[in-house]
Structure formats: C-alpha cells, structure tokens
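Peer 1: One-letter residues, chain by chain:
2 protein chains.
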Amino acid sequence: MNKKVIDFIENIKYDDKGLVPVVAQDYNDNTVLMVAFMNKEALIKTFETFKVHYYSRSRGKLWLKGETSGNVQIVKEIYFDCDKDCLLVKIEQVGIASCHTGHRSCFYRTISKDGEISIVAEKVFNPEDVYKK
Amino acid sequence: MNKKVIDFIENIKYDDKGLVPVVAQDYNDNTVLMVAFMNKEALIKTFETFKVHYYSRSRGKLWLKGETSGNVQIVKEIYFDCDKDCLLVKIEQVGIASCHTGHRSCFYRTISKDGEISIVAEKVFNPEDVYKK
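Respectively, the protein sequence lines represent chains A and B.
Under the working numbering, the letters of the first sequence match residues 290 to 422, in that order.
Under the working numbering, the letters of the second sequence match residues 290 to 422, in that order.
A portion of the hints provided could be inaccurate.
Same chains, same names: a pair is fine if it fits in one copy or spans any two.
[Unchecked claim] Below, a list of computed lysine-lysine pairs in the DSS-like style, where the Cα atoms sit at most 30 Å apart:
(1) 402 x 334
(2) 306 x 412
(3) 329 x 292
(4) 293 x 402
(5) 402 x 292
(6) 292 x 334
Worth flagging that the hints you see were computed from the coordinates, not collected in a lab.
Could you put together the complete structure from these sequences and hints?
Peer 2: See below:
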C-alpha cells in the first residue's frame with residue numbers, strides 16, 4: 290500500500306476505542322445516507338477496494354457495507370475534517386438504499402420543535418426480502 | 290419543555306460518555322459543514338433555542354456554536370437515524386463558515402486513492418481576525 294495512504298491512515302485521530310466517525314453522502318445529490326464508524330483496518334480495506342468498509346460496533350468486527358444486502362458503497366471521494374477526527378465519503382450507493390430498514394437514508398425521520406415526529410421518506414425495499422434468516 | 294421533546298431526548302442512544310454524533314448540513318445546498326457531538330444538555334439547549342449547541346470534547350463543556358465567532362447555526366430541521374444513535378441537523382449557517390480554520394466546511398480536503406491530498410475549498414474568513422486572544 291502507498292506510503293502516503295499509510296501515513297494518512299496512521300495520522301487519523303481515532304477515539305479511545307480506535308474508531309473514527311464516517312459520514313456517507315450520496316455523490317450525486319449530496320443526501321446524507323448514514324453515519325457509522327471505521328477503525329484502522331476498515332480504513333485500509335476501504336482504500337484497498339474503494340468499497341466502504343466500517344467497523345460494526347454491535348457485532349465487534351469489520352463490516353463490508355452491503356456484504357449481506359448487496360448494497361455496497363462505491364467510493365467516489367474521501368474527505369477528512371480540520372481535526373482529522375472525522376471522515377466523509379462521497380459514494381455511489383449500489384441498490385439505492387443504505388439503511389437496513391429499507392429506506393434510502395438512515396435519516397428518514399424528523400422531529401419538530403414541538404416533538405412531532407414525521408417520516409419523510411418511503412421505503413425503497415422490504416428488509417424481510419433482503420435480510421433472510 | 291414539551292413532553293414529546295423530553296421523551297425524544299431521553300430515548301436517544303448516547304454512547305458511554307453520554308454523547309451522540311451530530312452532522313450539520315447546509316439547509317440550502319446540502320453541503321456537510323461539520324460533525325460534532327451533543328450530550329443531553331446540548332440537545333435540550335438546541336431545542337430550546339433552535340441554535341445548535343454541541344458538547345466540546347476538548348473543552349469538556351457545553352458549546353453554543355458561534356459563541357466566539359458569531360457564526361451561529363440556526364436549526365431548520367432535525368433528523369435522527371434508524372438506530373437513534375446519530376442526529377443530522379439541517380441548518381442556516383450565519384456568517385457562511387462553520388470551520389474554525391476559516392473554511393465554509395470542516396471537510397475542505399480530500400485524499401485520493403494514491404494518497405494525494407487536495408484542498409478543495411478556499412477560506413472565507415481569516416481565523417486570526419475572528420478568534421482574537
């Protein structure tokens with residue numbers, strides 16, 4: 290792997306669990322699709338394949354986004370923030386949807402100042418069809 | 290404060306430090322401006338004022354974004370994700386810039402697959418003029 294990439298990955302400011310938050314944003318229309326975490330290994334795999342890999346906190350392991358659903362995220366651009374403690378990946382979302390609920394974005398609900406919750410997006414797939422046991 | 294809002298704030302899944310990551314996105318053109326953290330107090334203050342408050346991890350205290358620079362973030366919409374462990378606020382950024390470096394967005398740099406770093410946005414203010422000692 291390229292030394293510049295290795296230096297970059299080494300110099301990210303991971304938190305005390307070795308994780309960095311990552312925003313996945315649609316490359317075409319700038320919709321924020323999801324936020325998850327990467328560790329060093331996930332970042333290496335993401336650079337190697339240009340498919341987004343995260344670290345699943347719930348499962349405690351490396352996670353190729355789309356490994357079950359097929360909805361992989363193809364990297365178009367990788368941004369990093371002023372403090373090097375957050376990443377933003379602009380991606381092409383295979384299969385349209387990023388969210389395991391079947392919505393395109395994990396951010397499909399809003400809450401108003403008065404606490405009224407609204408669902409602002411339709412499902413684009415039925416999760417039961419995709420995540421079979 | 291409205292009971293529905295209190296219930297919402299109580300039911301967010303904060304991490305073991307009591308924090309939740311928050312993406313601030315420009316309401317008009319969907320540019321991701323910054324990512325920071327809120328604790329329960331910051332979320333309450335954000336609902337009360339509809340100006341974004343974060344919890345500063347480096348300073349260990351509540352932080353009204355723009356309290357020094359004047360570049361406050363006016364809340365337009367609050368989204369929450371499928372797992373209720375991340376928020377997205379669509380905002381109007383007073384003073385254009387969100388980043389303390391003088392850039393509009395904290396994500397003003399990209400890295401290519403080969404490790405080439407590019408600055409993809411100009412500064413919109415000089416930080417030395419704003420953050421005087």
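Peer 1: Classify it for me, residue 292 with residue 334: is the Cα-Cα distance of at most 30 Å met within a copy, between copies, both or neither?
Peer 2: Within one copy, since 15 Å is at most 30 Å while 45 Å is not.
Peer 1: When no copy is named, should residue 306 and residue 412 be tagged within, between, both, or neither for a Cα gap of at most 30 Å?
Peer 2: neither (33 Å within a copy, 33 Å between copies)
Peer 1: Using 30 Å as the alpha carbon limit, work out where residue 402 and residue 292 are close: within a copy, between copies, both or neither.
Peer 2: Only across copies: residue 402 and residue 292 sit 11 Å apart there, 49 Å inside one copy, limit 30 Å.
Peer 1: Is it within, between, both or neither when you check residue 402 against residue 334 at 30 Å Cα-Cα?
Peer 2: Between copies, since 12 Å is at most 30 Å while 41 Å is not.
Peer 1: Within a copy, between copies, both or neither: where do residue 329 and residue 292 come within 30 Å Cα-Cα?
Peer 2: Within one copy, since 15 Å is at most 30 Å while 41 Å is not.
Peer 1: Is it within a copy, between copies, both, or neither that the alpha carbon of residue 293 lies no farther than 30 Å from that of residue 402?
Peer 2: between (46 Å within a copy, 10 Å between copies)
In this structure, only the earlier hint numbered 2 is contradicted, and the remaining ones agree with it.
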